[in-house]
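Got chain P sorted already, so can you dock chain C onto it with the hints?
Keeping their order, the protein sequence lines are chains P and C. When we follow numbering that gives the first Met the number 0, the leftmost residue of the first sequence carries the number 0, and every step to the right adds one. When we follow numbering that gives the first Met the number 0, the leftmost residue of the second sequence carries the number 0, and every step to the right adds one.
Hints are computed from structural coordinates only; laboratory data are not their basis. Hints may be right or wrong, so weigh each one.
What the hints assert, rightly or not - Per label pair, the in silico range of CB-to-CB distance:
1) SER20/C to ALA13/P: 52 to 60 Å
2) PRO298/C to ALA13/P: 26 to 34 Å
3) TYR375/C to GLY11/P: 45 to 53 Å
4) GLY2/C to TYR375/P: 44 to 52 Å
5) GLY11/P to SER25/C: 40 to 48 Å
6) ALA137/C to ARG181/P: 31 to 39 Å
7) ALA76/C to GLN205/P: 23 to 31 Å
8) SER20/C to LEU323/P: 41 to 49 Å
9) SER25/C to ASN292/P: 40 to 48 Å
10) ASP134/C to SER25/P: 54 to 62 Å
11) ALA152/C to LEU173/P: 37 to 45 Å
12) GLY131/P to ARG294/C: 52 to 60 Å
13) GLY131/P to GLY293/C: 51 to 59 Å
Unchecked claim - Straight-line C-alpha distance at most 25 Å; calculated SDA-like pairs for lysine to any residue:
14) LYS3/P to VAL147/C
15) LYS3/P to LEU202/C
16) LYS3/P to LYS94/C
17) LYS3/C to LYS94/P
18) LYS94/C to PRO48/P
19) LYS3/P to PRO144/C
20) LYS3/C to PHE200/P
21) LYS3/P to ALA137/C
22) LYS3/P to PRO43/C
23) LYS3/P to PHE200/C
24) LYS3/C to GLU195/P
25) LYS358/P to THR74/P
26) LYS3/P to GLU262/C
27) LYS3/C to VAL147/P
28) LYS3/P to ARG198/C
29) LYS3/C to ALA291/P
30) LYS94/P to ALA291/P
In this text, a Cβ means the ideal position worked out from N, Cα and C, and glycines have one as well.
There are 2 protein chains.
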Amino acid sequence: MTGKTAFETRYGFARNEVLLSNWRESPFNRWSFQNLGELVPTAPVAATPGSVEAPVRDLSGLLGEKVSIASAPETVAEFLTRSTSDALTVMKAGKVIGDWFAPNMDFGARHIIFSISKSVTSIIAGILEGEGVFDPEAPVTQYIPEAVGSAYADASCRHVLDMSVSLDFEEAYLDPESAFARYRRATLWNPGGGTESLREFILTLQRLEEPHGKTFRYRSPNSDLLGLLLERASGQRFPDLMREKLWLPLGAVSEASIGVDMEGTARTAGGISVTPRDLARIGEMMRQGGTANGRGIVPEGWVRDTTVAGGSAETWQRGTMVHLFPKGRYRNKWYQTGAANGAFCGIGIHGQWLYVDPKMEVVIAKMGSQPVPEDYPLEREIVAFFEALSGMV
Amino acid sequence: MTGKTAFETRYGFARNEVLLSNWRESPFNRWSFQNLGELVPTAPVAATPGSVEAPVRDLSGLLGEKVSIASAPETVAEFLTRSTSDALTVMKAGKVIGDWFAPNMDFGARHIIFSISKSVTSIIAGILEGEGVFDPEAPVTQYIPEAVGSAYADASCRHVLDMSVSLDFEEAYLDPESAFARYRRATLWNPGGGTESLREFILTLQRLEEPHGKTFRYRSPNSDLLGLLLERASGQRFPDLMREKLWLPLGAVSEASIGVDMEGTARTAGGISVTPRDLARIGEMMRQGGTANGRGIVPEGWVRDTTVAGGSAETWQRGTMVHLFPKGRYRNKWYQTGAANGAFCGIGIHGQWLYVDPKMEVVIAKMGSQPVPEDYPLEREIVAFFEALSGMV
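So that you can see chain P by itself, here it is in the shape it has in the complex:
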C-alpha cells in the first residue's frame, strides 16, 4: 500500500496528526468532534438494545432554496457549508423533514454537542425535581457539604441552573495560562490533566462581591457542578441517570456518550455526544411539553418554566450574551430567544444548536465544527437561518 490512507483521503489529514493538544482546532475538529472517545475517557449511555434509526431522509429540494442571511442570498446548502456545519436534522410537527451531512460526517455518527450538554443535564434535573429527589431551590451545600469553602457556599441550585452564580472565573477559551486552562486540564480535554479532579477544581473557585442571582454569568463549571449535584441527590452516577431517566423513555435510538474526568465525574457542562436524530428527539420532547411517544418524560410545568415562563430578563440584560437575543432569558440552561415565535434553544461552542420554534412546530438540530469556539456574527446569522428555515419547511 502506498500513498494516502483511507483516513487521509477522507479528512485531508492523518489520524496521527490529531492530538489532545489540537483536537478542537480546525481542520482536526472535523473528525474529532465525532470521535471524542478516541481522545478522552468517556462513559456510554446505551439506547434500548436493537434500536435502529429510521433511514436517512434527504433534505432534497430545500437545500437549493435561497435564504438571505448575509448581504447576498445563498442557498441553504451554501449556508450550511459556509457555517462549517457537519449535520442538520429538521423536524416539523413531530416528523423528520430531512437530514443533511457534510462529507466529513456519516448518518448515524455521534457528534459532541458541547454546551447543549448543559441543557440535557438540566432536563435530568427537571425529572429528578418532579420525582421529589432534587430541589432546585436548595442550597448547593445541602447536596455537596464540602462546597462550603467555595463560591458555592451560599449559592442555591437555582443560581447554578440559571448561571447566576457570582463566580470569579473567566471563560477564556483560547488563553492557555488562565484558570480556564486549569479547568480544561481537570476535564482531561487538554494535555497535562490527571492530577486535579473536576470536583476538586470546581470547589477551589471563589465568588465575586456581587450577590448571586443578579447577573447572567456563563460559567461552565456551574454546569459540571450540576451533574455532581444530581449524582449526590440521587445516589446514582450521571450516565446511569441519563440512561434511565431520559435516554430509554425518550426512545433515543443510538448510544450517547459523555466525557468523564480522572475520577469518573461526567462532563455535564459539555461532554455529551449524540446523533443529530437523537438530539432532535430531545428538542421534540421539549416542544411537546415534556412528552415523548405518549409518555411523560419531564413535568410539563418544568418545560414551561424553562422555555416560556421562567428566567429573569433583568439578569439576562446584565450578561454578555444579550447581543444574541436582545429580548432573551436563560432558564435551566436553555435559552429563550425572546423572539415573537417563542423559540428556545440550547447552544454549544463550535456550532452546536438545538433550536425549537413552537409556533411553526419546528425542531432543528445542527452540529458543526466551526474553527473557533465562539463566533458572534456567525451565531446571529445561524439564528436568522433557523428563523428562515422554520418558515420554509
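The following block gives chain C in isolation, referenced to the frame of chain P:
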C-alpha cells in the same frame, strides 16, 4: 440521599476511587475491566446496527456439578468464584450451552480481553494475507521503513506473529521503573502518558544478540506493532479493518472497543473489549476452520496453520511458558496446547481465556479480574478446568 451510592452498593468501592493509577488492581478491576473507555481513550468497532443478543442462558445444573481441579473437589460455580472469574460462556457444536456471570458483571457487558486481543488481531492478519494485502513472510521494514533503526530492522512479520523476535524487553508487569513502565505510559494505561506515542516507543526497542526466530519471547510490543503493520499494509485504520473484515462478517452482536494511544494507534496487543458471547463467536469461527454463518471469514489453511500445523515446538521449548503447555506451540498469536484433544486458545492477563476443544466441539470464553496479572498455578488449574468442563457439556 444519604449513605451508599448505587455504585458503592454494587461494587464495594466508590467510582471516584478508581483511577488511572490503580484500575488494574483489585478490587477496582472488577468494575474497570468492563469500562476501559472511562479510563483511557478507545475507538469503537460497531456491530451491525439493530443486532440483538439472544437471551442469556443459565448454565443451571452444570454450576453445581463437581470438578476436581485442586486438592479437594469443588463445584463449577465454586471454581469460577475462586478463580475471580467475571463471566463464562460455553458453546458446544455451535450452540450456546450457557452463560455465567459474577455479581459484578451483567449479561451484555463488554470486558477487556487483554492479550486475546493479539489473537484477534492475528485473525485480521490472516484475512489480509488471504486477500494478498499482507505478507507474513515480508520483512517488517517493507511496511514500516522507519523500523530500520530498531530491533525490527532485520525481523520478519513472521517473527512478530510468532513472538520470536529477539527483543531486548522484559514484560515486567509490576515494576514501575522498567522500560515496560515506559511502554505502559505510551499506551496511556498508566499516568504520565501523552508525550511518547506507542509507535515511537516501539521503534526505540533494540534487539538481543540471539537471532530472531529461535526462542519464543512473549513481548507485547510485537503485537502492537502487528496492528501498525496491518494498517500500513491496508491503508486502513485497525478499528475499521476489524469492523469490516471480522466484526460484521462474523455476525458479532455487540459493539467492541479498542484502546488507542495519543495519536490513535490501536492497542492491538491488549486493548480490545468484547462481550463473552462475541468472544465465543470468534472461537467458534476458529473451530469451524474460519467460517461463520456459512461464510468464509479467514482462509481455512490459515486456521489450520495457526491451530494445528504451524509453529515451532523447539522455539516454544526455549520459552518461559512451557510450564503451562509442556507440549505446546505458539503460532500467529494463538496457543496450541499440545494436549490430546487438540485444544488451542487465546490467553489474556488477569484471567481472560478463549479455549477451543475441537474434539469435543466445545468453545469456552472466560473473563476474569484476577488480582494479579499472571498467576501460573491458577492458569494451570484453569486449563484443567476447561478440560473437565469440555467433557461435561
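Hints, verified against the model:
1. Checked against the given bound of 52 to 60 Å, the beta carbons of SER20/C and ALA13/P, roughly 31 Å apart, lie outside it.
2. Take PRO298/C and ALA13/P: their Cβ atoms lie about 31 Å apart, and the range 26 to 34 Å holds.
3. For the hinted restraint 45 to 53 Å between TYR375/C and GLY11/P, the CB-CB distance of approximately 50 Å keeps it satisfied.
4. Checking the proposed 44 to 52 Å range against GLY2/C and TYR375/P shows it holds: the Cβ atoms sit about 47 Å from each other.
5. Judged by the Cβ atoms, the range 40 to 48 Å given for GLY11/P and SER25/C holds: they are separated by roughly 46 Å.
6. Here the CB-CB span from ALA137/C to ARG181/P is close to 49 Å, at odds with the stated 31 to 39 Å.
7. In this structure the supplied range 23 to 31 Å is violated for ALA76/C paired with GLN205/P, their Cβ-Cβ distance being about 55 Å.
8. Range check, SER20/C to LEU323/P: Cβ separation about 43 Å, and the 41 to 49 Å hint holds.
9. At roughly 43 Å, the beta carbons of SER25/C and ASN292/P sit within the given window of 40 to 48 Å.
10. Between ASP134/C and SER25/P the beta carbons are some 39 Å apart, a value that contradicts the proposed interval 54 to 62 Å.
11. About 44 Å separates the C-beta atoms of ALA152/C and LEU173/P, a value consistent with the hinted range of 37 to 45 Å.
12. Between GLY131/P and ARG294/C, the C-beta spacing of about 54 Å keeps the proposed range 52 to 60 Å intact.
13. Between GLY131/P and GLY293/C the C-beta distance comes to about 55 Å, which sits within the given range of 51 to 59 Å.
14. Between the alpha carbons of LYS3/P and VAL147/C the distance comes to roughly 22 Å, so the proposed pair stays at or under 25 Å and holds.
15. Distance check on the hinted pair: LYS3/P and LEU202/C sit about 22 Å apart at the alpha-carbon level, within 25 Å; holds.
16. As the CA atoms of LYS3/P and LYS94/C are separated by approximately 43 Å, the hinted pair breaks the 25 Å bound.
17. The hinted pair formed by LYS3/C and LYS94/P fails the criterion: a straight-line CA distance of about 43 Å is larger than 25 Å.
18. As the CA atoms of LYS94/C and PRO48/P are separated by approximately 22 Å, the hinted pair is consistent with the 25 Å bound.
19. The hinted pair formed by LYS3/P and PRO144/C meets the criterion: a straight-line CA distance of about 16 Å does not exceed 25 Å.
20. Of the supplied pair hints, the one linking LYS3/C and PHE200/P holds, its CA atoms being roughly 24 Å apart against a limit of 25 Å.
21. Our distance criterion of 25 Å between C-alpha atoms is met by LYS3/P and ALA137/C, whose separation comes to about 21 Å.
22. Only pairs whose Cα atoms come within 25 Å are accepted, and LYS3/P paired with PRO43/C is accepted, the gap being roughly 23 Å.
23. A hinted pair counts as satisfied when its Cα atoms are at most 25 Å apart, and LYS3/P with PHE200/C qualifies at roughly 24 Å.
24. The straight-line distance between the Cα atoms of LYS3/C and GLU195/P is roughly 24 Å, inside the 25 Å bound, and the hint therefore holds.
25. Restraint check for LYS358/P and THR74/P: satisfied, since their Cα atoms lie roughly 24 Å apart, inside the 25 Å limit.
26. Of the pairs offered as hints, the one joining LYS3/P and GLU262/C holds, with about 17 Å between alpha carbons and a cut-off of 25 Å not exceeded.
27. Between LYS3/C and VAL147/P the alpha-carbon distance is near 22 Å, which keeps this suggested pair within the 25 Å criterion.
28. Straight-line distance between C-alpha atoms of LYS3/P and ARG198/C comes to about 19 Å, which keeps the hinted pair within the 25 Å bound.
29. Simply put, LYS3/C and ALA291/P have alpha-carbon atoms about 33 Å apart, too far for the 25 Å limit, and the pair is violated.
30. Of the pairs offered as hints, the one joining LYS94/P and ALA291/P holds, with about 13 Å between alpha carbons and a cut-off of 25 Å not exceeded.
Checked against the numbered hints above, the structure violates hints 1, 6, 7, 10, 16, 17, 29; every other hint is satisfied.
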